[in-house]
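Below, each chain spelled out in residue letters.
Number of protein chains: 2
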Amino acid sequence: MDEKIYDVAIVGSGPAGYSASVYASRYNLSNVVFGKLPGGTISEAHKVCNYLGFEEITGFELSQKFFNHAKSFGAEMQIKSVVDIKREGDIFKIHTESKNIFESRSIILATGTKRKKLAIPDEDKYIGKGVSYCATCDSNFFKEKIVAVVGGSNAATTAALLLSEVATSVYIIYRKEVLRGDQKWVEAVLKNKKIKVIYNTLVTGLSGNDKLKEITLNTEFNGEKLLKVDGLFIEIGSEPNGDLPLRLDLETDEVGYIRTEEDQSTNIEGIWAAGDMTTNSNRFQQVVTATSEGAIAANSVYEYLKT
Amino acid sequence: MDEKIYDVAIVGSGPAGYSASVYASRYNLSNVVFGKLPGGTISEAHKVCNYLGFEEITGFELSQKFFNHAKSFGAEMQIKSVVDIKREGDIFKIHTESKNIFESRSIILATGTKRKKLAIPDEDKYIGKGVSYCATCDSNFFKEKIVAVVGGSNAATTAALLLSEVATSVYIIYRKEVLRGDQKWVEAVLKNKKIKVIYNTLVTGLSGNDKLKEITLNTEFNGEKLLKVDGLFIEIGSEPNGDLPLRLDLETDEVGYIRTEEDQSTNIEGIWAAGDMTTNSNRFQQVVTATSEGAIAANSVYEYLKT
Numbered sequence: 047m048d049e050k051i052y053d054v055a056i057v058g059s060g061p062a063g064y065s066a067s068v069y070a071s072r073y074n075l076s077n078v079v080f081g082k083l084p085g086g087t088i089s090e091a092h093k094v095c096n097y098l099g100f101e102e103i104t105g106f107e108l109s110q111k112f113f114n115h116a117k118s119f120g121a122e123m124q125i126k127s128v129v130d131i132k133r134e135g136d137i138f139k140i141h142t143e144s145k146n147i148f149e150s151r152s153i154i155l156a157t158g159t160k161r162k163k164l165a166i167p168d169e170d171k172y173i174g175k176g177v178s179y180c181a182t183c184d185s186n187f188f189k190e191k192i193v194a195v196v197g198g199s200n201a202a203t204t205a206a207l208l209l210s211e212v213a214t215s216v217y218i219i220y221r222k223e224v225l226r227g228d229q230k231w232v233e234a235v236l237k238n239k240k241i242k243v244i245y246n247t248l249v250t251g252l253s254g255n256d257k258l259k260e261i262t263l264n265t266e267f268n269g270e271k272l273l274k275v276d277g278l279f280i281e282i283g284s285e286p287n288g289d290l291p292l293r294l295d296l297e298t299d300e301v302g303y304i305r306t307e308e309d310q311s312t313n314i315e316g317i318w319a320a321g322d323m324t325t326n327s328n329r330f331q332q333v334v335t336a337t338s339e340g341a342i343a344a345n346s347v348y349e350y351l352k353t
Numbered sequence: 047m048d049e050k051i052y053d054v055a056i057v058g059s060g061p062a063g064y065s066a067s068v069y070a071s072r073y074n075l076s077n078v079v080f081g082k083l084p085g086g087t088i089s090e091a092h093k094v095c096n097y098l099g100f101e102e103i104t105g106f107e108l109s110q111k112f113f114n115h116a117k118s119f120g121a122e123m124q125i126k127s128v129v130d131i132k133r134e135g136d137i138f139k140i141h142t143e144s145k146n147i148f149e150s151r152s153i154i155l156a157t158g159t160k161r162k163k164l165a166i167p168d169e170d171k172y173i174g175k176g177v178s179y180c181a182t183c184d185s186n187f188f189k190e191k192i193v194a195v196v197g198g199s200n201a202a203t204t205a206a207l208l209l210s211e212v213a214t215s216v217y218i219i220y221r222k223e224v225l226r227g228d229q230k231w232v233e234a235v236l237k238n239k240k241i242k243v244i245y246n247t248l249v250t251g252l253s254g255n256d257k258l259k260e261i262t263l264n265t266e267f268n269g270e271k272l273l274k275v276d277g278l279f280i281e282i283g284s285e286p287n288g289d290l291p292l293r294l295d296l297e298t299d300e301v302g303y304i305r306t307e308e309d310q311s312t313n314i315e316g317i318w319a320a321g322d323m324t325t326n327s328n329r330f331q332q333v334v335t336a337t338s339e340g341a342i343a344a345n346s347v348y349e350y351l352k353t
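Going down the list, the sequences are from chains A and B. One gets the numbering used here by counting positions in the first sequence from 1 and adding 46 to each. One gets the numbering used here by counting positions in the second sequence from 1 and adding 46 to each.
Mixed in with the good hints, there may be bad ones.
Identical chains blur together in the list; that is why a pair holds if it fits in one copy or across any two.
What the hints assert, rightly or not - As a list, the in silico SDA-like pairs of lysine to any residue whose alpha-carbon atoms are at most 25 Å apart:
1) Lys111 - Gln331
2) Lys145 - Asp53
3) Lys175 - Asn74
4) Lys230 - Ile51
5) Lys274 - Ile137
6) Lys230 - Asp136
7) Lys111 - Cys183
8) Lys240 - Ser76
9) Lys111 - Glu308
10) Lys93 - Ser144
11) Lys230 - Asp170
12) Lys160 - Glu308
13) Lys222 - Tyr245
No lab work stands behind these hints, which were simulated from the structure alone. Just so it is clear, the structure is predicted and the values come from calculations on it, not from any experiment.
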């Protein structure tokens, strides 16, 4: 049990959490940032090209810069997950996976989102044996292999482009008839001779033995419903991470995004939320929108604690 | 007369404008960015420490990175001011100070705000050498120094409170006899032992050599018209730049900030606004909030033009 009471505990170590921490530190608020994966999901991005100031940088490098910025400004870094938060009077008690308890006067929740699953039979069974949710992490296991990517937005097109650098061929399987997201990525995909897009199609089954060998489509492609692949990358979007919003009785929308006011406050006094897991920023989930929400949340916490 | 019709004309060359441009380019929207001062007001910041990813960078350097990012991604840069925008059917005609006319299908207005100045001799000379218009940006440069804040509303009281955390003493110099704005801030100021409020007083002069050393008051304080300070924070408010909102019949609040929806749209179809001149981001005017609003605006323009 750490006896220190922090001004603000920032739960989540992505762009929103680190930006909140930088602002909190600038306001002289003692702060601790919790998160098992420094940088959050952006750390797994192959390349980031749209965070103003960095024309092209790997997600890993950008995450390191964010981490270092927050740390050097005074954040205490706890590279661990938070499993529960309980209020006792004016103090929040933050319970980590390693059974430590930290205390703080306020909370900024910024635990982001996680990749959605296809929810088809045997999906979990093949994770790490052909099924992946992170092309940046796993593409190199598919050198000179055949892979498929499920999805049609930026996550899918960028994953396919990355995979095309190592695999012999890449299918994109998309339920709609036109790819969406950045047109630069869409054009690059359509020009790439290794990539074949299969439109208006769903993946409904997985088969193999130790490893994935074939996927089943809901409609024929080249006269076959079975498609031979060594890897399947599922890039169909995301949903809020974890059950802390539920545990904290936070108001969410129907799919679990935390309802936040313009100052990033939630329905619970003393708790703010920022980043991809909120309903703010026109629901545009980007590094720039997350850093903005984190900064606004820290400013709101500062105003709250000073009065 | 340039015959090209741009998808989007971005009026304003600060963080909001450049971020909008980067996103527009990623969506393959042809775009032109207008602005006489690349980087906008941030280019004049002595140091920027709160834009996540850069622990300490001059405003000038950061502005250059922003400019280069937008330019390398495809923005056409027009280093000139826009004096008028007129709609003709579906097309906007953008008139520049140099009498050129550019055409575009949509507009993102991001011309920012300007800090109100005291308008006293040598004010410009001491900017970055003691005179500042942004306590959030610059307070940490005044650790264990003596500073003064000019103003009496929220901007001034919050600046003084923030400065009191690092400076040895803080004067608030205000022309009226009672501080205004949120009473919670006023109370916090009056309780703070480091802060001394000098009422019914104006700052009329600045002196020093390389750096600010003293300010002149219009009336004696402790028997002296000269007051020794290391920093002077001028917090008498800011106001939106230029008269384009008025010319375009945009809806604003009572002091001229453009009313924007969550997608950065304005009351006029085809015109979006982003950055410090809008009512969004909880009115927290920062580089991170501006880049976020610019990205959201570009995304909204993309959705508008493709449908």
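Outcome of the hint check:
no.	hint	verdict
1	Lys111 - Gln331	both (20 Å within a copy, 23 Å between copies)
2	Lys145 - Asp53	within (21 Å within a copy, 55 Å between copies)
3	Lys175 - Asn74	between (43 Å within a copy, 23 Å between copies)
4	Lys230 - Ile51	between (48 Å within a copy, 20 Å between copies)
5	Lys274 - Ile137	neither (56 Å within a copy, 42 Å between copies)
6	Lys230 - Asp136	between (49 Å within a copy, 19 Å between copies)
7	Lys111 - Cys183	both (19 Å within a copy, 20 Å between copies)
8	Lys240 - Ser76	between (51 Å within a copy, 21 Å between copies)
9	Lys111 - Glu308	neither (28 Å within a copy, 29 Å between copies)
10	Lys93 - Ser144	neither (33 Å within a copy, 40 Å between copies)
11	Lys230 - Asp170	neither (33 Å within a copy, 44 Å between copies)
12	Lys160 - Glu308	both (23 Å within a copy, 23 Å between copies)
13	Lys222 - Tyr245	within (6 Å within a copy, 67 Å between copies)
In this structure, the hints that do not hold are numbers 5, 9, 10, 11, in rising order.
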